[in-house]
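A.B. asks: What follows is the residue order along each chain.
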Amino acid sequence: MEEDKILISHAPHIWRGFSTSKIMYIVVVALLFPTATSIYFFGYYAIYLILTGVITAVLTEFAIKKLRKKRFIMDGSAVITGLLFALTLPPRLPLWMAVVGSFFAIAIAKEAFGGLGYNIFNPALAGRAFLSVCFPREMTSWVLPPYFNYDAITGATPLGENFTYQLDKLSLYKDLFFGNTGGSLGETSAMFILIGALILIVFRIIDWRIPVFYIGTVALGSFIMGKDVLFQILAGGLMIGAFFMATDYVTSPVTKNGRIIFGVGLGVLTVLIRNFSSMPEGVCFSILIMNAFTPLIDKYIKVKPFGFYKKRKNV
Amino acid sequence: MKITLKKKSAFKGLSLPENKITAEKSIEVLPVPEKVIIPLQQSIGAPCEFIVNRGDMVKTGQKIADSKSYVSAPIHSSISGKISKIIKLINPVTSNVMDAALIESDGKDLWVESKKLFDIRESEDFPRLKEIINDIEKKEILQKIREAGIVGLGGATFPTHVKLNPPPDKKIDTLILNGCECEPFITSDHRIMLEKGKEVLMGLYIISRVLSPENIYIAVEDNKEDAISYLEKLIVNMNFGRLFKIISLKSRYPMGAEKMLIKTITGRTVPMGGLPMDVGVIVSNVATSKSVYDAVIEGKPLIEKVVTVTGNVVNPKNLQVRVGAVIGSLIEKCGRFRSKVNNIIIGGPMMGISIVDINFPVTKGANCVLVKESRIQDEQNCINCGRCVNICPMNLMPLAYVKNTRKGNYRTCKEYYIDNCIECGSCAYVCPANIPIVGYIKTCKSILAKK
Numbered sequence: 020m021e022e023d024k025i026l027i028s029h030a031p032h033i034w035r036g037f038s039t040s041k042i043m044y045i046v047v048v049a050l051l052f053p054t055a056t057s058i059y060f061f062g063y064y065a066i067y068l069i070l071t072g073v074i075t076a077v078l079t080e081f082a083i084k085k086l087r088k089k090r091f092i093m094d095g096s097a098v099i100t101g102l103l104f105a106l107t108l109p110p111r112l113p114l115w116m117a118v119v120g121s122f123f124a125i126a127i128a129k130e131a132f133g134g135l136g137y138n139i140f141n142p143a144l145a146g147r148a149f150l151s152v153c154f155p156r157e158m159t160s161w162v163l164p165p166y167f168n169y170d171a172i173t174g175a176t177p178l179g180e181n182f183t184y185q186l187d188k189l190s191l192y193k194d195l196f197f198g199n200t201g202g203s204l205g206e207t208s209a210m211f212i213l214i215g216a217l218i219l220i221v222f223r224i225i226d227w228r229i230p231v232f233y234i235g236t237v238a239l240g241s242f243i244m245g246k247d248v249l250f251q252i253l254a255g256g257l258m259i260g261a262f263f264m265a266t267d268y269v270t271s272p273v274t275k276n277g278r279i280i281f282g283v284g285l286g287v288l289t290v291l292i293r294n295f296s297s298m299p300e301g302v303c304f305s306i307l308i309m310n311a312f313t314p315l316i317d318k319y320i321k322v323k324p325f326g327f328y329k330k331r332k333n334v
Numbered sequence: 052m053k054i055t056l057k058k059k060s061a062f063k064g065l066s067l068p069e070n071k072i073t074a075e076k077s078i079e080v081l082p083v084p085e086k087v088i089i090p091l092q093q094s095i096g097a098p099c100e101f102i103v104n105r106g107d108m109v110k111t112g113q114k115i116a117d118s119k120s121y122v123s124a125p126i127h128s129s130i131s132g133k134i135s136k137i138i139k140l141i142n143p144v145t146s147n148v149m150d151a152a153l154i155e156s157d158g159k160d161l162w163v164e165s166k167k168l169f170d171i172r173e174s175e176d177f178p179r180l181k182e183i184i185n186d187i188e189k190k191e192i193l194q195k196i197r198e199a200g201i202v203g204l205g206g207a208t209f210p211t212h213v214k215l216n217p218p219p220d221k222k223i224d225t226l227i228l229n230g231c232e233c234e235p236f237i238t239s240d241h242r243i244m245l246e247k248g249k250e251v252l253m254g255l256y257i258i259s260r261v262l263s264p265e266n267i268y269i270a271v272e273d274n275k276e277d278a279i280s281y282l283e284k285l286i287v288n289m290n291f292g293r294l295f296k297i298i299s300l301k302s303r304y305p306m307g308a309e310k311m312l313i314k315t316i317t318g319r320t321v322p323m324g325g326l327p328m329d330v331g332v333i334v335s336n337v338a339t340s341k342s343v344y345d346a347v348i349e350g351k352p353l354i355e356k357v358v359t360v361t362g363n364v365v366n367p368k369n370l371q372v373r374v375g376a377v378i379g380s381l382i383e384k385c386g387r388f389r390s391k392v393n394n395i396i397i398g399g400p401m402m403g404i405s406i407v408d409i410n411f412p413v414t415k416g417a418n419c420v421l422v423k424e425s426r427i428q429d430e431q432n433c434i435n436c437g438r439c440v441n442i443c444p445m446n447l448m449p450l451a452y453v454k455n456t457r458k459g460n461y462r463t464c465k466e467y468y469i470d471n472c473i474e475c476g477s478c479a480y481v482c483p484a485n486i487p488i489v490g491y492i493k494t495c496k497s498i499l500a501k502k
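From first to last, the protein sequence lines are chains A and B.
All you need for the numbering used here is the position in the first sequence, starting with 1, plus 19.
All you need for the numbering used here is the position in the second sequence, starting with 1, plus 51.
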């Protein structure tokens with residue numbers, strides 16, 4: 020038996036094999052549904068924007084890993100960042116701006132903090148926030164869905180101040196649900212976002228608590244503020260934000276109770292921003308703000324161990 | 052009257068690929084080895100000291116080491132022959148150096164004389180056997196168990212005479228016989244139930260005589276249907292129907308962990324840092340129960356064990372081996388390795404300890420030798436997904452241990468109740484980043500222990 024090698028390793032000696040990259044690629048597949056709708060509604064230019072976002076993200080990650088002399092793993096996280104980032108963009112944003120945003124998302128929001136697992140803010144949303152500060156005009160110029168026609172008509176997003184709708188409420192909800200409305204590339208169709216989210220929930224990728232408590236709080240808050248609850252839920256980036264961005268593992272709390280607090284906090288912030296700030300939409304910034312609270316939540320919200328009891332002081 | 056009850060698990064748990072490839076294979080007796088290595092620390096508690104000297108001739112079953120401390124179990128020679136050397140061994144669990152006796156066989160396997168009260172293989176006169184058991188004093192039973200060096204064979208190796216003698220303020224009302232064997236690959240308890248069922252049940256009867264609990268449960272996972280139906284039949288034959296209940300449990304890892312088992316069967320939660328007896332329960336493993344029978348009725352000390360040798364060997368088997376036989380001889384018997392680079396693991400794939408030296412002996416606590424093709428563990432960054440927190444049967448936060456141990460904040464791990472970790476390995480099994488979480492936990496625990 021001398022010729023055989025014997026190695027030692029830690030228990031457990033078996034592994035489920037459900038790796039980070041598998042999780043990431045399932046998320047990518049789930050994201051293909053909103054991606055497909057964005058292409059359907061906003062035409063070929065959506066394809067260019069999305070490809071620009073993804074390719075820039077992956078190349079940036081590769082370059083920075085090489086610069087930092089770290090191993091580059093194609094684990095799909097850069098693909099998700101690039102894709103999610105692109106889906107938050109206005110449909111006719113100049114491509115070079117998408118390059119800048121995507122570069123910022125990976126280089127500053129992710130790698131500068133230490134790479135996957137160490138970033139405080141959701142990189143895709145940080146990229147978007149960066150762009151809306153740098154290019155406020157371009158980042159708020161919306162078009163109505165032109166399908167595959169090249170010429171697009173400018174129009175306000177549903178949450179915008181000068182948004183008007185001619186038909187009755189039911190067809191408004193219908194349009195919002197199927198996605199035939201103005202807005203960022205990926206946020207328009209609630210239905211296809213929900214299909215993607217269903218995939219994530221079936222594969223147990225995301226915890227239902229964050230989106231449910233987020234959307235629930237927004238619904239409750241809008242009701243209190245006297246707004247149209249269904250409209251507030253379906254319009255804007257709430258759906259894609261709640262299911263795909265707020266649920267990002269790295270930037271959300273790790274415990275179940277922590278996630279509930281996170282979701283409620285997101286909802287409160289979104290309602291506040293939508294109703295009291297100068298911005299029509301608040302999903303992006305509420306997620307970024309709550310991201311900053313995640314370490315705090317994780318520090319104080321712990322799980323009670325099995326058999327936990329409070330030790331009495333006077334025994 | 053219904054004997055078998057079905058229960059679901061009271062915790063989330065994992066369903067692991069079972070790989071119980073030796074489940075159908077009868078126990079084979081490994082010939083008496085030419086030499087054995089018998090370490091002095093084979094149980095929790097104080098290590099033993101030699102009561103024989105180098106060069107002495109010993110018989111099979113002769114006590115060679117003992118300790119004055121209460122929490123300790125004596126050690127016996129498993130073959131007859133000469134103590135040729137006292138060697139040093141590294142305990143793979145604690146990494147401490149311990150003494151061990153190298154005994155060379157004289158080839159005769161002469162046993163020390165002992166009084167056999169009954170032979171279950173020759174006679175089926177169970178009422179007579181019960182009478183014999185009822186006539187033995189409780190103290191005498193405990194004394195016999197101690198003298199036979201019996202320890203918990205489920206893996207924890209806690210001295211059985213200590214466990215069966217709880218302090219008088221702890222009233223024990225439930226006794227659970229643990230036949231879950233929730234780790235993949237291992238089938239030794241399964242085979243013991245099928246082939247030594249009578250001894251197991253009689254052993255349980257002896258233990259119940261000591262503790263006189265109100266409820267006695269035999270817990271078996273539902274992936275061992277044959278064992279359940281066999282034990283059911285035996286219970287009827289041996290007229291234990293009123294005393295014993297079998298509980299068929301949904302197969303979930305780690306069902307065999309005491310605290311999980313107690314929660315599932317009785318609904319009681321063992322308090323943090325407490326023992327099962329704090330909630331009035333004692334759990335005993337089937338192999339321990341069989342050894343109790345051997346010790347009390349047949350006067351045989353714990354010198355033989357059923358060990359599953361499985362995994363990447365040509366011919367996996369369940370072997371009955373003498374304690375102290377070297378692992379290499381077991382693997383040799385099963386046709387050696389099938390691949391070049393292997394891990395040799397004592398125990399199952401989830402909690403077993405991998406060893407470097409195939410000349411390491413089988414100890415009392417070993418129930419499986421698993422040969423596995425090595426896997427390179429490619430550790431990636433923690434992405435905070437929370438799978439480890441979700442799966443932990445003890446409701447702990449394993450990722451906090453990894454982060455704090457990396458930074459050297461060992462005390463912080465204590466705030467996260469690292470002492471409660473049972474090292475079941477569920478967290479590392481599900482970790483998408485493939486982080487050896489249990490490795491970090493063990494490191495942190497051992498550093499905290501030294502402080």
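Rather than coming from a laboratory, the hints here were simulated on the basis of the structure.
Do not take every clue at face value.
[Unchecked claim] Listed next, the in silico DSSO-like pairs over lysine-lysine satisfying Cα-Cα at most 27 Å (straight line):
(1) Lys458(B) - Lys85(A)
(2) Lys465(B) - Lys275(A)
(3) Lys296(B) - Lys57(B)
(4) Lys275(A) - Lys323(A)
(5) Lys458(B) - Lys88(A)
(6) Lys458(B) - Lys323(A)
(7) Lys321(A) - Lys465(B)
(8) Lys59(B) - Lys323(A)
(9) Lys368(B) - Lys159(B)
A.B. asks: Does the structure keep Lys368(B) and Lys159(B) at a Cα separation of 27 Å or less?
C.D. replies: holds (26 Å)
A.B. asks: Could you grab the alpha-carbon distance between Lys296(B) and Lys57(B) and see if it respects the 27 Å cut-off?
C.D. replies: It holds: about 11 Å lies between the C-alpha atoms, which stays within 27 Å.
A.B. asks: Against the 27 Å threshold, does the CA-CA distance of Lys458(B) and Lys85(A) hold or violate the hint?
C.D. replies: Holds - the C-alpha atoms of Lys85(A) and Lys458(B) are around 25 Å apart, at most 27 Å.
A.B. asks: Holds or violated: Lys458(B) with Lys88(A), Cα cutoff 27 Å?
C.D. replies: Since the Cα atoms of Lys458(B) and Lys88(A) sit roughly 22 Å apart, the hinted pair holds (cutoff 27 Å).
A.B. asks: Can you confirm whether the C-alpha distance between Lys321(A) and Lys465(B) stays at or below 27 Å?
C.D. replies: Holds, because 13 Å separates the two Cα atoms, which is no more than 27 Å.
A.B. asks: Tell me if the straight-line CA distance from Lys59(B) to Lys323(A) falls inside 27 Å.
C.D. replies: Holds. Lys59(B) to Lys323(A) sits at ~23 Å (cutoff 27 Å).
A.B. asks: Would the hint linking Lys275(A) and Lys323(A) be met if the CA-CA limit is 27 Å?
C.D. replies: Roughly 11 Å separates the two Cα atoms, so the pair holds.
A.B. asks: With the threshold set at 27 Å, check whether the alpha-carbon distance from Lys458(B) to Lys323(A) stays at or below it.
C.D. replies: Roughly 24 Å between the alpha carbons, so the hint for Lys458(B) and Lys323(A) holds.
A.B. asks: Are Lys465(B) and Lys275(A) close enough, with their CA atoms no more than 27 Å apart?
C.D. replies: The hint holds at about 21 Å.
Comparing the model with each earlier hint shows no violations; every hint is respected.
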